[in-house]
Amino acid sequence: MSFEVNGKPYSQAPRAGQCLRTFLRELGHFGVKKGCDAGDCGACTVLLDGEPVHSCLIPAFRAEGHAVTTIEGLGGDSGAHPMQQAFLDAQGFQCGFCTAGMILTCASLNQAQRTDLGVALKGNICRCTGYRSIEDVLLGKTNVEENVEAGAAFGRSLPAPAGPDVVRGKARYTFDTQIDGLLHIKLLRSPHAHARIIAIDKSEALSAPGVHAVLTHEDAPTILMSTARHEKDWMDPEDTRILDDVVRFIGQKVAAVVADTEAAAEDACRRLKVSYEIFPALIDPEQAMAPGAPVIHPDRTTANRVADAPRNLAAETHGEFGDVAAALATSAVTFEGTFHSHRVQHAALETHGGLAWLDASGVLNVRTSTQVPFLTRRALSDIFELPVDKVRVFCERVGGGFGGKQEMFVEDILALAALKTGRPVKLELTREEQFIATSTRHPMRVHIKAGADADGRLTALQLDVLSNTGAYGNHAGPVMFHSLAESIAVYNCPNKRVDGYAVYTNTVPAGAFRGYGLPQTLIAVEAAIDELARQLGISPYEMRRRNVVKPGDPMLSPPPSEFHDVLYGSYGLDQCLDLVECAMLADGPQPDLSPEWLIGDGVALTMIDTVPPAGHLADAMVALNDDAGFDLTVGTAEFGNGTSTVHRQIAATTLATTVDRIHLRQSDTAHGGHDTGAYGSAGMFVAGKATHAAAMQLATELKAAAASAWLCDVGSCTLEGEAVVSGVRRMSFVELAKLARERGQPFAGTGNSSGTPRSVGFNVQGFRVAVNKGTGELRILRSVHAADAGVVANPMQCRGQVEGGVAQALGAALYEEMVIDADGRVTNPKFREYHLPSFADVPRTEVFFAETSDTIGPLGAKSMSESPYNPVAAALGNAIADATGIRFTAPPFKPDRLFPALHDKFG
Amino acid sequence: MDLNTITTVAHPQTRAQLPVWAPGDAWLAGGTWLFSEPQVHLTRLVDLADLKWPALTVTDSHFSIAATCTVAQLDGFVCPPDWFAAPLINQCCRAFLASFKIWKTATVGGNLCMSLPAGPMISLTSALDGLCTIWKAGGGEQTVPVADFVTGNQRNRLGTGDLLRQIDIPIAAMKRRTAFRQISLAPVGRSAALLIGSLDSDGTLTLTVTASTVRPIQLSFPKFPDANALRDAIEQHITDELYHTDIHGKPFWRKHMTLRLAEEVRDELLSATPS
Chain X
42 MSFEVNGKPY SQAPRAGQCL RTFLRELGHF GVKKGCDAGD CGACTVLLDG
92 EPVHSCLIPA FRAEGHAVTT IEGLGGDSGA HPMQQAFLDA QGFQCGFCTA
142 GMILTCASLN QAQRTDLGVA LKGNICRCTG YRSIEDVLLG KTNVEENVEA
192 GAAFGRSLPA PAGPDVVRGK ARYTFDTQID GLLHIKLLRS PHAHARIIAI
242 DKSEALSAPG VHAVLTHEDA PTILMSTARH EKDWMDPEDT RILDDVVRFI
292 GQKVAAVVAD TEAAAEDACR RLKVSYEIFP ALIDPEQAMA PGAPVIHPDR
342 TTANRVADAP RNLAAETHGE FGDVAAALAT SAVTFEGTFH SHRVQHAALE
392 THGGLAWLDA SGVLNVRTST QVPFLTRRAL SDIFELPVDK VRVFCERVGG
442 GFGGKQEMFV EDILALAALK TGRPVKLELT REEQFIATST RHPMRVHIKA
492 GADADGRLTA LQLDVLSNTG AYGNHAGPVM FHSLAESIAV YNCPNKRVDG
542 YAVYTNTVPA GAFRGYGLPQ TLIAVEAAID ELARQLGISP YEMRRRNVVK
592 PGDPMLSPPP SEFHDVLYGS YGLDQCLDLV ECAMLADGPQ PDLSPEWLIG
642 DGVALTMIDT VPPAGHLADA MVALNDDAGF DLTVGTAEFG NGTSTVHRQI
692 AATTLATTVD RIHLRQSDTA HGGHDTGAYG SAGMFVAGKA THAAAMQLAT
742 ELKAAAASAW LCDVGSCTLE GEAVVSGVRR MSFVELAKLA RERGQPFAGT
792 GNSSGTPRSV GFNVQGFRVA VNKGTGELRI LRSVHAADAG VVANPMQCRG
842 QVEGGVAQAL GAALYEEMVI DADGRVTNPK FREYHLPSFA DVPRTEVFFA
892 ETSDTIGPLG AKSMSESPYN PVAAALGNAI ADATGIRFTA PPFKPDRLFP
942 ALHDKFG
Chain B
24 MDLNTITTVA HPQTRAQLPV WAPGDAWLAG GTWLFSEPQV HLTRLVDLAD
74 LKWPALTVTD SHFSIAATCT VAQLDGFVCP PDWFAAPLIN QCCRAFLASF
124 KIWKTATVGG NLCMSLPAGP MISLTSALDG LCTIWKAGGG EQTVPVADFV
174 TGNQRNRLGT GDLLRQIDIP IAAMKRRTAF RQISLAPVGR SAALLIGSLD
224 SDGTLTLTVT ASTVRPIQLS FPKFPDANAL RDAIEQHITD ELYHTDIHGK
274 PFWRKHMTLR LAEEVRDELL SATPS
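Protein sequence lines, in the order shown, are assigned to chains X and B. Numbering follows our numbering, in which position 298 of the first sequence is assigned residue number 339; successive positions increment by one, without gaps. Numbering follows our numbering, in which position 274 of the second sequence is assigned residue number 297; successive positions increment by one, without gaps.
To be clear, the hints were calculated from the coordinates, so they are not data collected in a lab. Nothing here was measured: the structure is a model prediction, and the numbers come from that model. It cannot be assumed that every hint is accurate.
As the list claims (entries may be wrong) - Partial chain B-side listing against chain X, Cβ under 10 Å, derived:
| hint | residue |
| --- | --- |
| 1 | T28 |
| 2 | V32 |
| 3 | P35 |
| 4 | G53 |
| 5 | P61 |
| 6 | A78 |
| 7 | T80 |
| 8 | H271 |
Claimed, not checked - Now the in silico label distances, taken between C-beta atoms and shown as ranges:
| hint | chain 1 | residue 1 | chain 2 | residue 2 | range |
| --- | --- | --- | --- | --- | --- |
| 9 | X | G48 | B | A45 | 39 to 45 Å |
| 10 | X | S119 | B | E286 | 55 to 61 Å |
| 11 | B | G162 | X | S52 | 52 to 58 Å |
| 12 | B | T30 | X | P321 | 37 to 43 Å |
| 13 | X | T868 | B | A250 | 36 to 42 Å |
| 14 | X | P321 | B | G99 | 53 to 59 Å |
| 15 | B | T30 | X | Y51 | 46 to 52 Å |
| 16 | B | D171 | X | Q576 | 54 to 60 Å |
| 17 | B | G47 | X | T379 | 48 to 54 Å |
| 18 | X | S52 | B | Q40 | 22 to 28 Å |
Each residue gets a CB set at the ideal place from its N, CA and C atoms; glycine is no exception.
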């Protein structure tokens with residue numbers, strides 16, 4: 042076969058059923074990404090004879106005689122294509138995994154298509170940005186600041202350091218590497234929701250060509266663990282084995298086949314003969330605690346940190362301050378309602394997966410798509426009884442996380458396979474596996490009771506939460522506790538009560554997900570605040586102002602917390618409420634809508650602790666190099682959160698240099714130190730603090746060295762313009778680097794952060810919606826978001842995090858829905874059936890920042906990646922209620938769900 | 024995605040070269056659905072590309088669309104000025120859930136053979152009285168109207184080894200006035216109801232309901248109906264079990280959207296009726 046890729050002739054022949062995507066990657070073109078492998082997401086877009094196509098759908102043999110252009114070839118030898126440069130100028134990416142396909146598509150649009158981007162870009166999904174920055178690309182906008190002087194990086198809109206590699210397809214994600222002799226893993230998964238494996242006949246599979254090993258529960262360590270990764274293992278129950286002899290959900294892994302090719306591994310999986318003893322399955326969480334319900338983890342006890350295994354309770358909490366019942370009985374107004382938040386998926390465009398191998402020194406290396414390399418190393422060390430220094434876990438660039446990669450779903454199998462075979466191995470999950478067998482958001486039923494006095498002061502708040510953790514308890518407790526914490530702690534109220542249950546069911550496990558439980562309870566709490574305000578004739582903003590905590594107020598949620606380290610490092614909730622109210626009232630274009638469209642406004646707020654409780658650790662190291670630049674080593678991972686940019690800004694500002702002089706090394710346990718991980722928005726608040734401390738220490742060292750050379754008081758020395766300065770004396774970093782060489786000891790600083798004390802951040806979301814009473818369609822006429830992020834480290838990036846959070850939350854509030862049938866099977870495990878927001882679905886959100894400076898966070902900054910998601914569904918529900926007079930309590934608010942009640946009311 | 028169980032691809036150039044159909048065979052037209060899902064039951068693809076069927080042909084009586092004509096080729100066709108139904112082509116192409124990038128590869132015939140309720144090429148060709156030509160597996164040909172070709176959600180009249188050759192649309196149908204309405208749960212989402220009305224030269228109104236129903240339903244009104252007559256006819260002929268249900272729309276909503284869009288279609292065409 043003869044064809045061209047990026048202008049170079051090729052003669053390799055593909056396999057008969059191979060698609061162009063994998064063929065191109067096998068030829069080394071790693072810029073061609075797999076998001077869905079089904080034609081839905083566009084990440085694999087290439088040009089075929091100049092026309093954009095989804096390479097995952099093109100039979101590879103059809104490239105015969107044609108010319109293919111991948112992202113690597115778009116710019117040619119002369120450098121960046123104008124569209125690549127435009128993506129850099131506007132920073133139209135976050136994790137960057139969709140970017141190659143997005144650029145190739147955008148570069149192909151004609152003028153007509155550019156005027157209708159919603160249609161033109163419906164074949165390209167970006168999970169991170171919310172599309173505003175991509176629109177900016179096509180409008181030719183420049184969002185990055187240039188020529189930022191030394192020492193002034195913090196607070197400026199500097200671009201992501203990986204940008205040039207991202208837009209050229211050179212940034213290496215998890216699978217973008219070639220390893221000789223690589224074997225491939227495929228997993229056989231359970232077809233039953235609940236069963237015991239009686240026997241697995243491996244003989245036919247083992248005798249199939251190319252098969253190296255078949256691993257089952259008999260090969261796996263018996264140790265119990267959780268896929269959830271936390272700094273403290275006690276946060277999650279021990280209820281999971283790498284490979285178990287009991288399967289508890291459809292999709293649970295039963296066996297792993299290691300073979301020469303994915304095809305051989307798949308074939309061998311089909312040859313495995315498994316006999317099951319089928320158990321009754323528990324699918325409905327409402328039935329979990331009922332007498333006679335199937336028990337999912339009968340052998341677990343509180344010693345395994347399972348709250349009440351016979352009642353299928355992974356976790357449970359109860360607490361009360363004051364007397365809620367008495368307060369409700371005497372309140373001027375009350376509200377009671379039940380809200381259901383459904384199951385949604387992270388849908389990071391890079392699927393879970395990784396590669397593992399043993400190197401010459403016997404170290405187990407795991408290259409993986411993770412938010413938590415250090416905690417994963419610790420888990421592998423524990424499970425396989427290996428010294429910590431014999432395990433290395435790392436990632437380069439990760440294609441999106443959203444909490445889904447604060448888990449160990451593949452690294453354990455990778456390690457097992459590498460150790461058993463002694464060969465390098467790869468496991469790359471399919472999009473379907475992401476849906477049926479990784480984790481989801483916790484579906485929750487939330488019952489709320491609330492009361493207020495005639496002045497609008499809250500008298501009582503009561504939450505009763507039933508959280509469905511699925512077959513395993515990863516994150517079950519922490520998510521449930523979090524859902525019951527800041528959601529009501531943000532309100533002063535003398536009587537509060539919570540009851541929480543996290544129940545097991547025989548369904549795909551729920552896990553960490555952006556928001557970590559708060560969005561599911563906020564939709565109830567914020568609805569209650571609105572409903573009470575409505576009854577009292579008080580505006581929703583005023584109602585909130587009268588009740589929210591202010592500095593000095595205790596932030597309380599029962600039962601009493603054992604953690605007392607949350608402080609008001611700064612407070613901008615008042616500003617956020619004002620900013621949103623003001624923007625919602627501002628003049629704007631009047632929509633031209635028929636009287637069938639009902640218009641209403643809604644608002645919701647959220648408070649979030651800036652760090653997860655019980656310790657979150659980070660180490661950082663920074664050293665002056667020979668070239669007078671700096672090596673900055675941090676443990677935290679980059680998956681579109683933008684922390685790589687911010688860490689360089691913190692270091693450059695502290696060291697009076699420019700960001701291009703800061704060489705960042707990250708997310709590799711081999712670099713030493715420890716980092717709990719990039720979750721709970723800790724990548725900046727915790728790890729950034731460590732970077733700041735390390736840079737401060739190095740600055741002190743540099744000043745001391747200069748002072749010692751000058752025989753002057755170190756107190757007179759400052760860092761300015763890449764030099765130590767004292768009066769008229771100046772010692773440049775070049776000279777200091779030379780000094781270090783001469784004395785044979787480099788200048789270096791280390792810093793760490795323990796994640797305590799913690800501060801609080803705030804977000805307020807406002808929506809104006811129009812709901813068509815004849816169709817149930819919903820249009821967002823205005824979207825306003827105010828965030829209290831302290832001193833904003835990078836306004837462009839922070840705005841992007843807010844917009845992306847709002848967009849992802851809108852997906853869950855309007856479209857996304859995992860459907861599980863009566864047998865426990867996910868019925869829609871593909872993007873075609875699980876509608877992620879595309880360009881046309883996401884309104885532009887006006888983003889405002891409160892002006893605060895945090896006393897705890899690095900250089901006054903606070904975290905801001907997770908929380909913009911939290912108030913969105915609640916604000917939307919409030920806006921719909923305002924528009925229609927109907928309180929909808931179960932997102933997604935799709936036309937077919939809104940219509941019946943609208944039809945009843947309006948005909 | 025890779026179809027790893029495929030061991031061979033046949034490339035017939037004539038009908039005589041079509042291999043004898045065997046279990047594990049699949050026709051490969053654009054491949055945009057075939058390569059989008061695991062197909063572990065398949066071992067051989069029969070590539071239709073080398074048959075080199077002309078994509079679009081116009082005769083005195085018919086507008087012929089080869090089954091292998093891509094959506095992009097159809098969308099790019101420049102219709103004669105008296106084909107008043109021409110706008111329907113682009114309207115239906117835009118109703119694809121898939122983007123223009125897929126249109127370059129996906130075929131009209133593939134969309135018919137998938138027989139999804141929301142298949143917009145089914146909507147288009149059924150509304151324009153398209154006639155399918157099927158090459159029977161045992162030899163010979165069969166013709167069947169598109170509206171009868173699709174018999175249910177992912178069900179059609181093709182027997183094992185049968186091959187859809189082309190769809191012929193009467194030129195007269197291309198000259199009708201038409202009205203198009205579509206709704207979905209998201210702005211550019213999969214069609215939950217797609218209705219096309221057409222007005223014949225003799226004043227007959229034909230309403231073609233797709234996407235909301237498991238198969239195309241056509242209602243013909245020799246006398247232009249008033250709103251009540253239209254509503255009554257829909258309620259009488261489209262019984263509740265004919266409304267499709269899936270993640271893209273609940274049947275109660277689909278039914279009401281069908282009634283609503285039908286009235287909008289009627290209203291639009293009312294102004295075009297000969298008075």
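We went through each hint and held it up to the structure:
1. T28: Constraint on T28/B satisfied, holds at 7 Å.
2. V32: holds (5 Å)
3. P35: violated (15 Å)
4. G53: Given a least distance of 8 Å, the restraint on G53/B holds.
5. P61: Hint holds; P61/B Cβ to chain X Cβ min 8 Å, cut 10 Å.
6. A78: Because about 16 Å separates A78/B from the closest Cβ in chain X, which is outside the 10 Å limit, the hint is violated.
7. T80: Not OK, violated: T80/B not within 10 Å of chain X, min 24 Å.
8. H271: Since chain X brings a Cβ to about 8 Å from H271/B, closer than 10 Å, the hint holds.
9. G48/X / A45/B: 39 to 45 Å: Given a distance of about 41 Å, which is inside 39 to 45 Å, the answer is holds.
10. S119/X / E286/B: 55 to 61 Å: Holds: the Cβ-Cβ distance is about 58 Å, inside 55 to 61 Å.
11. G162/B / S52/X: 52 to 58 Å: violated (40 Å)
12. T30/B / P321/X: 37 to 43 Å: Given about 42 Å between the Cβ atoms, the range holds.
13. T868/X / A250/B: 36 to 42 Å: holds (38 Å)
14. P321/X / G99/B: 53 to 59 Å: holds (57 Å)
15. T30/B / Y51/X: 46 to 52 Å: Hint violated: Cβ distance 23 Å, outside 46 to 52 Å.
16. D171/B / Q576/X: 54 to 60 Å: holds (58 Å)
17. G47/B / T379/X: 48 to 54 Å: Distance hint for G47/B, T379/X holds at roughly 51 Å.
18. S52/X / Q40/B: 22 to 28 Å: holds (27 Å)
Figure legend: structure checked against the earlier numbered hints; hints not met, in rising order: 3, 6, 7, 11, 15.
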